[in-house]
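Fit chains G, C, X, P and V to the supplied structure of chain B, relying on the hints for placement.
Protein chains in written order, with full-length UniProt numbering: chain B, 1 to 207; chain G, 1 to 207; chain C, 1 to 207; chain X, 1 to 207; chain P, 1 to 207; chain V, 1 to 207.
Source of the hints: derived by calculation from the structure; they are not laboratory data. You may find that some hints are simply not true.
Given that identical chains are not distinguished, each listed pair holds provided it fits within a single copy or across any two copies.
[Unchecked claim] Derived pair list, reagent style SDA-like, types lysine to any residue, alpha-carbon separation capped at 20 Å:
#, residue 1, residue 2
1, K197, V125
2, K187, L62
3, K198, V186
4, K198, S182
5, K193, V126
6, K129, D93
7, K64, V111
8, K187, D93
9, K132, T44
10, K129, S51
11, K129, P154
12, K197, A207
13, K187, P97
14, K187, F128
15, K132, Q112
16, K132, G52
17, K197, P97
18, K187, V92
19, K187, N61
20, K132, V156
21, K129, L53
22, K187, S114
Computed from a prediction, not measured in an experiment: that's the story for all the values here.
There are 6 protein chains.
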Amino acid sequence: MLLAILFIFSFLFSSSNALVGDFCVADLKGLQSPAGYSCKTAVTVDDFVFSGLAAAGNTSNLIKAAVTPAFVAQFPGVNGLGLSMARLDLAVDGVVPMHTHPAGSEILLVVQGSICAGFISSANVVYFKSLKRGDIMVFPQGLLHFQFNAGKSPAVAFVSFSSPSPGLQILDFALFANDLPSDIIVKTTFLDKAQVKKLKAVLGGTA
Amino acid sequence: MLLAILFIFSFLFSSSNALVGDFCVADLKGLQSPAGYSCKTAVTVDDFVFSGLAAAGNTSNLIKAAVTPAFVAQFPGVNGLGLSMARLDLAVDGVVPMHTHPAGSEILLVVQGSICAGFISSANVVYFKSLKRGDIMVFPQGLLHFQFNAGKSPAVAFVSFSSPSPGLQILDFALFANDLPSDIIVKTTFLDKAQVKKLKAVLGGTA
Amino acid sequence: MLLAILFIFSFLFSSSNALVGDFCVADLKGLQSPAGYSCKTAVTVDDFVFSGLAAAGNTSNLIKAAVTPAFVAQFPGVNGLGLSMARLDLAVDGVVPMHTHPAGSEILLVVQGSICAGFISSANVVYFKSLKRGDIMVFPQGLLHFQFNAGKSPAVAFVSFSSPSPGLQILDFALFANDLPSDIIVKTTFLDKAQVKKLKAVLGGTA
Amino acid sequence: MLLAILFIFSFLFSSSNALVGDFCVADLKGLQSPAGYSCKTAVTVDDFVFSGLAAAGNTSNLIKAAVTPAFVAQFPGVNGLGLSMARLDLAVDGVVPMHTHPAGSEILLVVQGSICAGFISSANVVYFKSLKRGDIMVFPQGLLHFQFNAGKSPAVAFVSFSSPSPGLQILDFALFANDLPSDIIVKTTFLDKAQVKKLKAVLGGTA
Amino acid sequence: MLLAILFIFSFLFSSSNALVGDFCVADLKGLQSPAGYSCKTAVTVDDFVFSGLAAAGNTSNLIKAAVTPAFVAQFPGVNGLGLSMARLDLAVDGVVPMHTHPAGSEILLVVQGSICAGFISSANVVYFKSLKRGDIMVFPQGLLHFQFNAGKSPAVAFVSFSSPSPGLQILDFALFANDLPSDIIVKTTFLDKAQVKKLKAVLGGTA
Amino acid sequence: MLLAILFIFSFLFSSSNALVGDFCVADLKGLQSPAGYSCKTAVTVDDFVFSGLAAAGNTSNLIKAAVTPAFVAQFPGVNGLGLSMARLDLAVDGVVPMHTHPAGSEILLVVQGSICAGFISSANVVYFKSLKRGDIMVFPQGLLHFQFNAGKSPAVAFVSFSSPSPGLQILDFALFANDLPSDIIVKTTFLDKAQVKKLKAVLGGTA
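If we strip away everything but chain B, and leave its shape as in the complex, we get (with noise of 0.2 Å):
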């Protein structure tokens, strides 16, 4: 009988599911290194499944918009291979502001709703566009994009990057929500003390 293969291949697989070369799903609580955090040992197909993104982002906020991540950190499955996703929830009126992904290019989908999305680039040309449904728009690596709401209903995307972890740095957060010292600010982006200082009173910043 061909059972007899078994035995002349099984040796290959007598190493833990999370071989090297298949997948490797994070432990969480394990090392991180810069190829992404260790491996688990045991794994179940639930590991590959997330449902975190089914629902949508609480928009009662002033941006009127939630950002839901399944990055490696919230979707332990995806490290070490290449991608993650992300949910974009807009009110009427909501906006992602500007910001980057330091680690990854970025797809978004339109699922529901008009979305206007734009990058800039390092030549400073501005790339922009309303997206209807089922419209896809490709954000490349590293540069300013934004995205807001350009209809008169919510409007709901899903967004792919290139990475486990892209990353992201929402410009304003960057800026006005810690102690960067107002005028350092000032010196580095030339906009007012005035302006520094309403984004900061408003966003938590300090300094």
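Okay, now just chains G, C, X, P and V, sitting in the frame of chain B:
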């Protein structure tokens, strides 16, 4: 005035928009290299937007399913950016047959209906689950996987890949839709010759 | 004396032998990450030599063939170095069934006898040829391929991979040697249920 | 004589100097691909040497600073080699405004004077310090960072990048030196419209 | 009939065989980029097969050895696939002199005779051993290494590389077979000038 | 108030500062993997700043030169970021002997004096030139290269690498400062045995 700054930095921006490191929209009629297509020189926002996934694919076929890709060959804006997408339409009883993507990992996002999806690891372990709307599932690079409609109404999913050109090798097409001699198929798959001949007949294979 | 040079440069060499960037012999009992195993600290020449491919594998089985891997799990010295090997023994009528390596390209080198080898592209084109002693053939990453003895005497080949852990997914094992339900196999492969049941029986599959 | 060795090995060296894997000096008028420029065929030592960083940049401008790049577009020898450089001249009170390099990490080396440098992480934590002559500081890829003269005399620094084409996105130029509509800027940055208009005026932006 | 499936998927396969992501057989007369050669458009199985390693190299020379490469320049099928091979023939007393591969790690497989092989780490530690038929040894990227016949009969080995174009820098040729001035060699190697002149004479070097 | 935004995004920032994808400061006492060191958990600005290159190295030795590295082992902040640096001090007649960096390309920047620098390609072509203050020169990965003081006063250079751990293999140390048997050196380098013995004596080699 600050205008003078422009002169200092402007020589940085004198090269074409298709700056290496920012983006490289594919010139689909240009040369291909192992890194992708050569870069298009004149670029507009429309190079970064793709509407081809907006409409449902035609599922009036035997598998009752359609796959609509937005790989680099359809969506030149993703060239070199490490990601791409596709749309899956599954009528009732629709199925995306067993297949692999030789060059990319995948995340499937269910946006309508219910889909049963699974993959098989190198250790021959099967991971499959019925997914509801909003669920996502990751399929590690190069492994056999499948999706089929698990509900009683049409289902739609969008899939993201970790490569602009992940490839798609559908098992039945690879085995039965070309001129690979039946004797070789029998010898290398242990399928009965009658089974091979039957599937070659329906899929258009010869030899 | 030039001996003094030693003092100048020696602080460069004060870290362990397992210098990142030179080599990283796998500690097989250590942690795995997406980049491979953690590095062993004490290293000798024997970590870089492997004799497990010297002896023929046992081909007294139904496929009349044996695959002996020297992947990182068997040969820790290749960890992080981007390559590995394996040995193929094919008795008369021996066959290495249809399979893929999800994470690596392969070159096959025939060192004894004659081997017919082939692969199938994403475009469903078949590339196969009978190879003689000394011939080499390359199989691009992730594509289905096969090898069988094309002569009247035993054949031996050595295969090289572009990864320390290329993986190995044998089609028949993936489909028929686990608990993937027969109905799902039928649905996603178009094989007849009787065919599926027959192969599950010989390969030890259930469900 | 050993001369005979030459005949044995010489066929290895019959291809052009621009051997793939050794180096690939950019043909700046050639094609670009995601991996860089196509290779120049005739190469001399001058392709590997660049003198454009020897002279101080002109700091007679409002930021009292100059950035002189030696990216692949200026220094074709670095094409495909994974690194590049630039020179920073900072007059008294000079500042390199808040910016990112979308495609590369940076190390700054102070060779004259004193420079205050900092970056902001995705977690909105600010890391900044006054650096003296001989100090180096690393700025991780894609994160907002800045430098300004922290002393009472001119300062000079050289910066190294982990890419031949790291890109440079200066925040003020990205926001205010193009035709991105003021309303969109206001909406996506929370800046006051008057502030936006003021900076557009000085930086040459429209809309 | 299932034939209808063909229509659904066929548009995926309408581009050329040289699909980015599947394979990219080198057009050796085409352009080179940092990622390799541009892709050939018409491809047959013979592009993936190479017979040039079948015959022994000519060892009637002073080193009593021959190296026959199957790098991308000889075997275009490996372009972009991350691996290549070469054949080593060592007559009795044959030697492959001290050398490096700047762009790839290597595995040596002894198929006939006995070979003493070794490498030297960045920490100046020597790892060497006499290998028998069937043994394999790995040489980490870029490190000095050597092989010589350790037995009393001819030896043959096949070597695999982790790059289609690993490069080959033979120490004696690099130092003594070109016009690098003897004074510079003496200054940078501490060799006696007489020694330098002697080796320049036999290897054809000038200056 | 906009303060509410904080609640929406804040869960993104709840993990440690050593976020995969942003940076991964090396824990030098932690594990190493092929991708570098594991990440330190508590990080301050001082992890990103290194002052060890500020002081001149001691050139009171026979080569009249000193190399001071800021590789990951000295400067943990560069772990995983793809670059590092070093300082070269060359007294009058000082020389950095023939060497390679197995894992990185290099750019040399002359900041004081005049330096003659060169490298040798795989094709045995020599590229060398006398560089003045402010000149930069690139050395492709893995190739033999050298630098020596070309003037009549001390020279200083800073070198950048395309890897946090480029390695450093100095030819004379690799050959003559360890226990590699003299007979093997003679056999694999064609140097006279007396020459080998002489250099072993000064460099501390045995055997």
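Evaluated hints:
no. : hint         : in the structure
1   : K197 to V125 : between (29 Å within a copy, 18 Å between copies)
2   : K187 to L62  : between (28 Å within a copy, 11 Å between copies)
3   : K198 to V186 : both (13 Å within a copy, 14 Å between copies)
4   : K198 to S182 : both (11 Å within a copy, 19 Å between copies)
5   : K193 to V126 : between (27 Å within a copy, 19 Å between copies)
6   : K129 to D93  : within (16 Å within a copy, 37 Å between copies)
7   : K64 to V111  : within (18 Å within a copy, 23 Å between copies)
8   : K187 to D93  : between (32 Å within a copy, 9 Å between copies)
9   : K132 to T44  : between (37 Å within a copy, 18 Å between copies)
10  : K129 to S51  : between (30 Å within a copy, 12 Å between copies)
11  : K129 to P154 : within (18 Å within a copy, 31 Å between copies)
12  : K197 to A207 : within (9 Å within a copy, 26 Å between copies)
13  : K187 to P97  : between (23 Å within a copy, 8 Å between copies)
14  : K187 to F128 : between (29 Å within a copy, 14 Å between copies)
15  : K132 to Q112 : both (8 Å within a copy, 18 Å between copies)
16  : K132 to G52  : between (24 Å within a copy, 12 Å between copies)
17  : K197 to P97  : both (19 Å within a copy, 19 Å between copies)
18  : K187 to V92  : between (36 Å within a copy, 13 Å between copies)
19  : K187 to N61  : between (31 Å within a copy, 15 Å between copies)
20  : K132 to V156 : both (11 Å within a copy, 17 Å between copies)
21  : K129 to L53  : between (25 Å within a copy, 17 Å between copies)
22  : K187 to S114 : between (38 Å within a copy, 16 Å between copies)
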